[in-house]
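Model the placement of chain B on the given structure of chain A, informed by the hints.
As they're listed, the protein sequences go chains A and B. In this text, residue positions in the first sequence follow the numbering used here: the first is 1, and each later residue adds one. In this text, residue positions in the second sequence follow the numbering used here: the first is 1, and each later residue adds one.
These are calculated hints, taken from the structure and not from any lab test. One should not assume that every hint holds.
Claimed, not checked - Which chain A residues face chain B? A few, computed with CB under 10 Å, are given here: (1) Leu86; (2) Gln87; (3) His88; (4) Gly143; (5) Ile278.
Yeah, the Cβ is synthetic: ideal placement off N, Cα and C, and Gly gets one too.
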Amino acid sequence: MRFVKTYWLEMLMVIPLFAYITGFTLLPILTNVKESFIDQRFGRRYDILVSKIADIKYDVEHAPDNEEKGAYEKERAETALALERLQHSPYASFSLSNYRKLFTDRSFIKAIFNTLAITLMGLSLQLVVAMSIALLLTQPFHGKGFFRTIVLTPLGIPTIVSATIMTYIFDTAGYLNEVLYKLGLLGEVPIDWAQGGWLSICMVVFADTWKVLPLMVLLFIAGLEAIPQSVHEATQIDGSPPLYKFFTVTLPLMKPYITIALILRAIDAFRIFELPLILTGTATTPLISTFTYSEYTRQNYNLSAASGTILTGIILIFVFTYLYVVERERGTNA
Amino acid sequence: MPKKLLQHIPFYLYLAVVSLIILYPIFLMFKISASHPADIMKPHKDLLWGPAGITLEHWHNVFTSGLLLPSLFKSLLVATMVMILAILIAAPAAYVISRVGSPFKYLFIISLFISRTFPEVAIALPVSVVFLHWNLLDTSFGLILAHLIKVLPYVGWILIGTFEAIPRSLEEASSVDGASKIRTLRKVIFPLSLPGVAVAAMLVWLESWNEFTYALYLTVSENTLPLQTYYYVNRGGIFNSAAYATIITLPVIILTFILQRYITSGMLAGGVK
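Next comes chain B alone, as it looks inside the complex:
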């Protein structure tokens, strides 16, 4: 038994080191957002918590600065609108693609995949030039249009899998019973696909909530939360950036916790197929 235990020491040591490397940075974010400046700014800081203890000073500053609410509102508005529009545009198309014959289906899926791999810096440049002429820079509507570029292929891909899981025999039964195409869609397909669509909708919301590149290209002063964080990082305001980073992370952690089992299978389906 002792020999076996000894053999296992490197194994558990590896687990411990990996866990520490993964968790410590996240701890650091919470720590900085709630530490006294005296503990963080000194030359040799504490790796765990400084002697000065916890303070909510930075959080208080962030909430009273007047900069949080506009960017929070813009992020929420854009993410929610992107979610609704993406589902409205992608779900019907994904349903049809899931039902068409093999060569077309493959073509559709590949074109979705390719359009997702284009570099954002190449797409964002012409888009920002056009949006300048359309007076869409700095607006929520412009950012919604840009985020749709990013999420549509992704959500289409996921939803094709969702609709493929619904057996065709159900539709055939419904049409034998005399229901029209639209009635079948409304009464059979729609309710059955609802859970899958809900998962896809939450993933889209997260993508838009976290999005940075298009926001950077298309914003002059009306920052979203990620841009506001970037602004503080650039200015070296580490307490503000830590607090903002925490604010961005919280809904993400909550949603991924809800989605955990779906995310793994959904993303894998996207990756391996």
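Excised from the complex, chain A in its bound form:
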């Protein structure tokens, strides 16, 4: 009680934020997990019956005469009975049927594969390119400020916009095919980038890399600038060649930054949604996130919940890896 009396103001200030997060983030996530264990056939029928009852209730209230009202009342009783029966049917109990269905669905297996492929390819490409640009940007050269501004530009482009622009580039009659044609690398038959498979994966990887490169570059610049000047001087005195220096001195010192950047990026790469949805659609190149959405649009809410729960699980694994790594870094630094 005393605690409340002393800290009532502080509690009043903290509670709204965490109440909101509990109600609108934690609760939906838990609901999702719960719904994922309810058989899709039950979920669908249950939704239909509940909305039917609501409709009939409206009809009863707005019935013009008693005779019609009686008919609606009768219908309501029948529907309520059907709902009752459904709730006691074998479908109503805890069920793994959604997960069983997902793991036998070729489209979902493909979604897992595509998500993994996009994450792995994207992360390796972004690591190499961002590291090379960060190394350049920590050297003095003419026009460095100008180049830095250019590299950071995609930071100011919303994802929906970058996805839209990428559709112009990767369209069958798009600008990439045109560039390839003008370079003599492509005949009159254009490449259909959105056809699925590796081409589409490459397309999403490119679009994602274009968008997130600035953030990776900034993280790596911070890491490179944290390397003490004395280390650079020491290697200069040793006279080690630049490449040797990079692999034996810079890279090991950058390891914590690289690990953290990669885990944070992996969390985002697994959730990637707008780019694949807009660039490839959900049919040819499903990802776990776009698969979850397409099941939602088909009103298979329980299947969508199961797919979303799997995605949440994968992401939580990365989150805890991240926390573990950060905690360990804190331990070694202290």
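Chain B in isolation, oriented as in the chain A frame:
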């Protein structure tokens, strides 16, 4: 000297290629939004500008179609309300978190971080089912509630850093002088944190302005600007989608230009901490 110059050629070539890959897509957006259809639709189009020159026809169409203003208005309303509400909810909490002792603070920060990493497609499904029952689908209010899910942990995280930068000794001095807790907050903390809060507010506004996933789940017909763009992309209306994409980008470019120095340090603080 020539030898040194020769050594530098691959270096500058790499810079040029990277710059081109980054800038060309953005140029393409402006180009398509202001090109004659004859230049864009022909089989082998020009990579720079077509011979037909510049036209404002598509822009004229977009502004007179009657679809722009409702979605622009909804986007502006939602982003502004999300900004105000997010700051009102997150700033007091962030202040308290920045002042509590170590184990609690760490716990608070981690829970904010975790709630930010949950996939939106998993949160949006139950939210859209509930909003259907609450008659909140297609409304600005429903979308504001959903956008708060996305921005609150983020803005809380940034603001904790802002308040941590304000020395505690100032509050102690103020309480020694006999000011109450609330008076200290109003007269000392509030003015000092204002610049940081303003930056956070602009970042929130941008997040909501660009938001796509929740809007997609919670909208039936009252589109926001990103959804309207998506609608044209799906229909293959490339001139409209290019014009809409440009309209979304303009405020973002202006705000990021203002925020550039703050964004880098703020985002890094979020990333590395």
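Hint check:
Using the Cβ-Cβ criterion of 10 Å, the hint placing Leu86/A at the interface with chain B is not satisfied: the shortest such distance is roughly 18 Å. Because the smallest distance between the Cβ of Gln87/A and any Cβ of chain B comes to about 18 Å, over 10 Å, the interface hint for this residue is violated. Here the hint on His88/A is broken, as its CB sits about 23 Å from the closest CB of chain B, past 10 Å. Residue-level restraint check for Gly143/A holds (minimum Cβ-Cβ distance to chain B is 8 Å; threshold 10 Å).
Restraint check, Ile278/A versus chain B: the minimum CB separation of about 6 Å is within 10 Å; hint holds.
Violation of the numbered hints given earlier is confined to hints 1, 2 and 3; the remaining hints are satisfied by the structure.
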